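Modelling step: build the complete structure from the supplied sequences, incorporating the hints.
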Amino acid sequence: MINPSTLVFLSQLAENNDKDWFQAHKEEYKTLAKEFTEFLNTIAAQVAHFDLAVQRRLNDPKTVKVFRIYKDTRFSKDKSPYKTDFSGAIATGGATSPVYYLRIEPGNSLAGGGIYMPPPDVLQPIREKIDEDYGTLEEILGQPKFTAMFPTGLDREGALKTAPRGYSADHPAIDLLRLKSFVASRRFSDAEITQAGFSDQLLQTYEALSPLNGYL
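Per this note's numbering, the very first residue in the sequence shown carries number 1; after that it's consecutive.
No lab work stands behind these hints, which were simulated from the structure alone. Among the clues, some could well be false.
As the list claims (entries may be wrong) - Below 16 Å or equal to it, Euclidean Cα-Cα: the simulated EDC-like pairs (lysine to aspartate or glutamate) are:
1) 19 - 60
2) 145 - 200
3) 180 - 157
4) 180 - 121
5) 79 - 20
To be verified - What follows is a list of derived Cβ distance ranges for each label pair:
6) 34 - 75: 46 to 52 Å
7) 107 - 28: 16 to 22 Å
8) 131 - 26: 49 to 55 Å
9) 199 - 16: 54 to 60 Å
10) 160 - 3: 40 to 46 Å
11) 139 - 68: 35 to 41 Å
12) 70 - 173: 38 to 44 Å
13) 151 - 120: 29 to 35 Å
14) 60 - 117: 39 to 45 Å
None of the values given here were measured: they were computed from a predicted structure. Glycine is no exception: its CB is placed at the ideal position from the N, C-alpha and C atoms.
Put into structure tokens, the structure is as follows:
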């Protein structure tokens with residue numbers, strides 16, 4: 001479960017998103033960030049029971065990554081300096097590998113994973129695999145565990161409106177080939193993430209997602 005104090009802190013940060021307030025509450029942030037990191041490491045150890053890719057790299061410090069709370073505001077109209085969430089990922093491989101993702105944010109928490117907006121040299125091999133073996137991916141996306149956890153299926157953010165170069169518009173898997181990300185996620189309420197059963201719910205979510213990560 002997530003410490004309810006985490007939600008209180010993040011709510012206050014959203015209302016006081018400036019350096020003076022953050023510096024005055026820096027020690028509280030460090031304590032809560034450490035708790036979140038420990039929680040994600042504990043979850044990773046459990047994910048290793050059903051994902052061999054995670055199991056093989058469990059002792060690699062890069063397997064669990066907690067994202068910085070500091071925002072890059074150089075190209076953003078919103079110049080508030082801090083994110084209002086704790087988020088992180090459990091990697092199955094290198095920097096562009098599929099992940100299990102978690103975001104904790106008051107009223108906006110979610111868990112999921114896959115590969116988000118991969119670069120062309122990663123996206124193209126995925127499309128080639130779908131072209132050759134789309135049936136396996138369709139079977140994964142149709143599994144009862146997957147559809148129960150992710151009823152809307154894969155996120156279609158940024159999907160092409162036409163067929164990608166080199167593929168016919170009438171390809172049987174054209175909807176999958178148009179994707180630029182291969183991710184699925186589900187939301188959790190504040191009440192759910194602060195209850196004792198949240199760890200089990202999170203692991204069930206990741207286990208349902210694991211065949212997708214394995215395919216990718």
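Going through the hints against the structure:
no.: 1; hint: 19 - 60; in the structure: 33 Å, violated
no.: 2; hint: 145 - 200; in the structure: 14 Å, holds
no.: 3; hint: 180 - 157; in the structure: 8 Å, holds
no.: 4; hint: 180 - 121; in the structure: 12 Å, holds
no.: 5; hint: 79 - 20; in the structure: 15 Å, holds
no.: 6; hint: 34 - 75: 46 to 52 Å; in the structure: 30 Å, violated
no.: 7; hint: 107 - 28: 16 to 22 Å; in the structure: 20 Å, holds
no.: 8; hint: 131 - 26: 49 to 55 Å; in the structure: 51 Å, holds
no.: 9; hint: 199 - 16: 54 to 60 Å; in the structure: 30 Å, violated
no.: 10; hint: 160 - 3: 40 to 46 Å; in the structure: 42 Å, holds
no.: 11; hint: 139 - 68: 35 to 41 Å; in the structure: 38 Å, holds
no.: 12; hint: 70 - 173: 38 to 44 Å; in the structure: 40 Å, holds
no.: 13; hint: 151 - 120: 29 to 35 Å; in the structure: 31 Å, holds
no.: 14; hint: 60 - 117: 39 to 45 Å; in the structure: 24 Å, violated
The structure shown violates the earlier hints numbered 1, 6, 9 and 14.
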